[in-house]
Amino acid sequence: MSEQPITPGVLGDWTMEVAPYTDGTTPTTWTPVRGIMELTPPQTEKNYEDDGEFDGTHWGSQTATGISWTSEATVKTPRATLQPDPGQEILRAASREVLEGGYVHVRFSMRGVTPKKGDEGLADVQFMDAGGPKTDLTTAELTLTGRGALVPFTAA
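Number 2 in numbering that gives the first Met the number 0 belongs to position 3 of the sequence shown; there are no gaps in the numbering.
Simulated from the structure, these hints should not be mistaken for lab results. Please note: incorrect hints may appear among the correct ones.
Calculated pairs, SDA-like style, for lysine to any residue (alpha carbon to alpha carbon, straight line, at most 20 Å) [said to hold, decoys possible]:
1. K115 x K75
2. K75 x L38
3. K116 x K45
4. K45 x G11
5. K75 x G34
The following label-pair restraints were derived from C-beta to C-beta distances [said to hold, decoys possible]:
6. E2 x D49: 39 to 45 Å
7. G51 x P26: 42 to 48 Å
8. F152 x G8: 18 to 24 Å
9. D49 x E88: 40 to 46 Å
10. T113 x T43: 33 to 39 Å
11. R78 x T21: 28 to 34 Å
12. T21 x E140: 21 to 27 Å
Backbone N, C-alpha and C define an ideal beta-carbon position, used for all residues, glycine too.
Sequences are here, hints too, so could you generate the full structure?
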């Protein structure tokens, strides 16, 4: 049996879509986030607690007691005289609020997969305009911090 070589994809294959958080129901309309220059797809991290015992062996023991997720991106933002990106504006608006006002629905998928499938969840948003020298492009740093589970989805 011959093994198939792995052909890598590119990070540009990822897409991100958002929807404002309203009453907690899953949205039916999603807005793409345009201008993504760099993306770290959703990363999960487990919280581990020591569950070893004094009368056990010298080996340690840990168990996961929780799991969380985050995603980060750099987006290029339009010049002041151009129309803002609707997806970025949903994120920017949420980043200036607290509690439920700071949440967005978000989903991540790979471009070209039919049917569309990926992961979605609810996230708190940080959207920070970046600075730099006068010759830099206008960009913003985006951090999405999960609020609950990141779950698979399939859409037409």
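Now for the hints, and whether the structure bears them out:
1. Restraint check for K115 and K75: the C-alpha separation of about 25 Å exceeds 20 Å, so the hint is violated.
2. Between the alpha carbons of K75 and L38 the distance comes to roughly 12 Å, so the proposed pair stays at or under 20 Å and holds.
3. Of the supplied pair hints, the one linking K116 and K45 is violated, its CA atoms being roughly 24 Å apart against a limit of 20 Å.
4. Straight-line distance between C-alpha atoms of K45 and G11 comes to about 27 Å, which puts the hinted pair past the 20 Å bound.
5. Only pairs whose Cα atoms come within 20 Å are accepted, and K75 paired with G34 is accepted, the gap being roughly 5 Å.
6. A beta carbon spacing of about 40 Å between E2 and D49 agrees with the range 39 to 45 Å that was offered as a hint.
7. For G51 and P26, the Cβ-Cβ distance of about 44 Å falls inside the hinted range of 42 to 48 Å, so the restraint holds.
8. Roughly 19 Å separates the CB atoms of F152 and G8, a value that falls within the hinted 18 to 24 Å.
9. Range check, D49 to E88: about 45 Å between beta-carbon atoms, so the 40 to 46 Å window is met.
10. Between T113 and T43 the beta carbons are some 26 Å apart, a value that contradicts the proposed interval 33 to 39 Å.
11. At roughly 31 Å, the beta carbons of R78 and T21 sit within the given window of 28 to 34 Å.
12. A C-beta distance of roughly 26 Å is found between T21 and E140, which places it inside the suggested range of 21 to 27 Å.
Violated hints, listed in ascending order, are 1, 3, 4 and 10; each of the other numbered hints is respected by the structure.
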